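Participant: Protein chains in written order, with our numbering: chain X, 1 to 118; chain S, 119 to 228.
No lab work stands behind these hints, which were simulated from the structure alone.
Just to be clear, a hint being listed does not mean it is correct.
For the chain S half of the interface with chain X, some residues (derived, Cβ under 8 Å), not all of them [as the list claims (entries may be wrong)]:
{"#": "1", "residue": "Tyr-151"}
{"#": "2", "residue": "Gly-158"}
{"#": "3", "residue": "Ala-159"}
{"#": "4", "residue": "Gly-160"}
{"#": "5", "residue": "Leu-161"}
{"#": "6", "residue": "Leu-163"}
{"#": "7", "residue": "Tyr-166"}
{"#": "8", "residue": "Phe-206"}
{"#": "9", "residue": "Gln-215"}
{"#": "10", "residue": "Phe-216"}
{"#": "11", "residue": "Phe-218"}
{"#": "12", "residue": "Gly-219"}
{"#": "13", "residue": "Thr-220"}
{"#": "14", "residue": "Gly-221"}
To list a few chain S residues with every Cβ distance to chain X over 10 Å, as calculated [as the list claims (entries may be wrong)]:
{"#": "15", "residue": "Arg-131"}
{"#": "16", "residue": "Gly-133"}
{"#": "17", "residue": "Val-137"}
{"#": "18", "residue": "Thr-143"}
{"#": "19", "residue": "Met-173"}
{"#": "20", "residue": "Asp-176"}
{"#": "21", "residue": "Lys-186"}
{"#": "22", "residue": "Asp-187"}
{"#": "23", "residue": "Asp-196"}
{"#": "24", "residue": "Ala-203"}
This structure is a prediction, so every number in the text was calculated from the model and none was measured.
Ideal Cβ placement from N, Cα and C applies to all residues, glycine included.
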Amino acid sequence: GAVVSQHPSWVICKSGTSVKIECRSLDFQATTMFWYRQFPKQSLMLMATSNEGSKATYEQGVEKDKFLINHASLTLSTLTVTSAHPEDSSFYICSSSITGSYSNQPQHFGDGTRLSIL
Amino acid sequence: GEDVEQSLFLSVREGDSSVINCTYTDSSSTYLYWYKQEPGAGLQLLTYIFSNMDMKQDQRLTVLLNKKDKHLSLRIADTQTGDSAIYFCAEKRTGNQFYFGTGTSLTVIP
Numbered sequence: 001g002a003v004v005s006q007h008p009s010w011v012i013c014k015s016g017t018s019v020k021i022e023c024r025s026l027d028f029q030a031t032t033m034f035w036y037r038q039f040p041k042q043s044l045m046l047m048a049t050s051n052e053g054s055k056a057t058y059e060q061g062v063e064k065d066k067f068l069i070n071h072a073s074l075t076l077s078t079l080t081v082t083s084a085h086p087e088d089s090s091f092y093i094c095s096s097s098i099t100g101s102y103s104n105q106p107q108h109f110g111d112g113t114r115l116s117i118l
Numbered sequence: 119g120e121d122v123e124q125s126l127f128l129s130v131r132e133g134d135s136s137v138i139n140c141t142y143t144d145s146s147s148t149y150l151y152w153y154k155q156e157p158g159a160g161l162q163l164l165t166y167i168f169s170n171m172d173m174k175q176d177q178r179l180t181v182l183l184n185k186k187d188k189h190l191s192l193r194i195a196d197t198q199t200g201d202s203a204i205y206f207c208a209e210k211r212t213g214n215q216f217y218f219g220t221g222t223s224l225t226v227i228p
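The whole structure should be built from the sequences, with the hints applied where relevant.
Facilitator: Have a look at this one:
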């Protein structure tokens with residue numbers, strides 16, 4: 001079945017560092033990928049929609065200069081947390097679904113990246 | 119409002135049935151989903167239902183949909199300790215965007 005791979009799974013770094021998270025669709029093409037953020041014991045919050053070959057669409061309240069998204073190919077989207085600070089510590093999850101005419105296709109999720117900023 | 123709501127906690131004894139409820143918001147949502155999340159992991163798709171269906175059964179899982187009340191439920195038969203996790207319902211809105219419920223933490227007591 002469809003698989004989404006996310007890397008790295010865990011990052012610990014100093015405040016002020018920029019961190020890049022990769023999301024790959026392994027056996028399907030994904031013109032659209034989604035980035036979510038999840039705080040402990042809370043639901044997923046949609047941050048942005050990543051569109052291949054065009055600019056990402058950000059949800060209200062999400063700083064696009066802080067969370068840079070690049071979707072340069074049909075199988076790879078990246079999220080870069082720029083100049084990360086402790087309040088950016090969270091669990092980041094990407095997802096995608098098979099594109100095409102099958103509108104019932106569910107989202108397939110990566111395993112998430114736990115980001116800890118010291 | 120925009121929220122997809124679920125009760126936060128549910129505890130059941132091993133072997134009993136679990137019922138997790140969800141109230142969604144967008145009556146035009148065509149598909150509704152249930153996902154399972156184990157600690158520190160991503161989300162695993164369990165099942166989904168098309169909005170013109172009332173019920174869907176898949177092995178131990180039964181999904182009931184009341185479109186009039188925008189109420190979705192997931193029943194897990196013969197609940198096992200391995201079913202302990204957080205369960206999220208999700209609705210698929212326009213633009214292929216998914217909006218998730220607040221999550222229900224299921225604890226199965228041996």
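Participant: Decide, hint by hint, whether the structure agrees.
Facilitator: Status of the hints after comparison with the structure:
1. Because the closest C-beta pair between S:Tyr-151 and chain X is about 6 Å apart, less than 8 Å, the hint holds.
2. The interface hint given for S:Gly-158 is met, as the beta carbon of that residue sits about 7 Å from the closest beta carbon of chain X, less than 8 Å.
3. At its closest, the beta carbon of S:Ala-159 sits 6 Å from a beta carbon of chain X; the interface hint therefore holds under the 8 Å criterion.
4. The interface hint given for S:Gly-160 holds, since its Cβ lies 4 Å from the closest Cβ of chain X, which is under the 8 Å cut-off.
5. Evaluation of the S:Leu-161 hint against chain X yields a held restraint, the C-beta minimum of about 4 Å falling below 8 Å.
6. Below 8 Å, beta-carbon pairs count as interface contacts, and S:Leu-163 has one with chain X at about 5 Å; its hint therefore holds.
7. Hint status for S:Tyr-166: holds, given a least beta-carbon distance of 6 Å to chain X, under 8 Å.
8. Given hint, S:Phe-206 at the interface with chain X, holds; its Cβ is 7 Å from that chain's nearest Cβ, closer than 8 Å.
9. With a cut of 8 Å, the hint placing S:Gln-215 at the interface with chain X holds, because the nearest CB-to-CB distance is about 6 Å.
10. Because the smallest distance between the Cβ of S:Phe-216 and any Cβ of chain X comes to about 5 Å, under 8 Å, the interface hint for this residue holds.
11. Contact between S:Phe-218 and chain X, as hinted, is supported at the beta carbon level, the nearest pair being about 5 Å apart and thus within 8 Å.
12. Against a cut-off of 8 Å between C-beta atoms, the interface hint on S:Gly-219 holds, since the closest Cβ of chain X lies about 6 Å away.
13. With a least beta-carbon distance of about 5 Å to chain X, the hint placing S:Thr-220 at the interface is held under the 8 Å criterion.
14. For S:Gly-221, the shortest C-beta to C-beta distance to chain X is roughly 5 Å, which falls under 8 Å, so the interface hint holds.
15. No Cβ of chain X approaches the Cβ of S:Arg-131 within 10 Å, the least distance being about 23 Å, so the stated non-interface status holds.
16. Against the 10 Å criterion, S:Gly-133 stays outside the reach of chain X, whose nearest CB is about 27 Å from its own CB.
17. Listed as outside the interface, S:Val-137 is consistent with that label: its C-beta sits roughly 19 Å from the nearest C-beta of chain X, beyond the 10 Å cut-off.
18. Here S:Thr-143 stays apart from chain X, with its beta-carbon at least about 14 Å from theirs, past the 10 Å limit.
19. For S:Met-173, the non-interface assignment is confirmed: its Cβ lies about 17 Å from the closest Cβ of chain X, beyond the 10 Å cut-off.
20. Residue placement check: S:Asp-176 keeps its beta carbon more than 10 Å from all beta carbons of chain X (closest about 13 Å).
21. The non-interface label for S:Lys-186 is consistent with chain X: the shortest C-beta to C-beta separation is roughly 22 Å, beyond 10 Å.
22. The Cβ of S:Asp-187 sits about 21 Å from the closest Cβ of chain X, beyond the 10 Å cut-off, so the non-interface label holds.
23. For S:Asp-196, the condition that its CB be more than 10 Å from all CB atoms of chain X holds, with the nearest at approximately 25 Å.
24. The claim that S:Ala-203 lies off the interface holds: its Cβ sits roughly 13 Å from the closest Cβ of chain X, which is beyond the 10 Å cut-off.
This entry satisfies every hint, going by the numbered hints stated previously.
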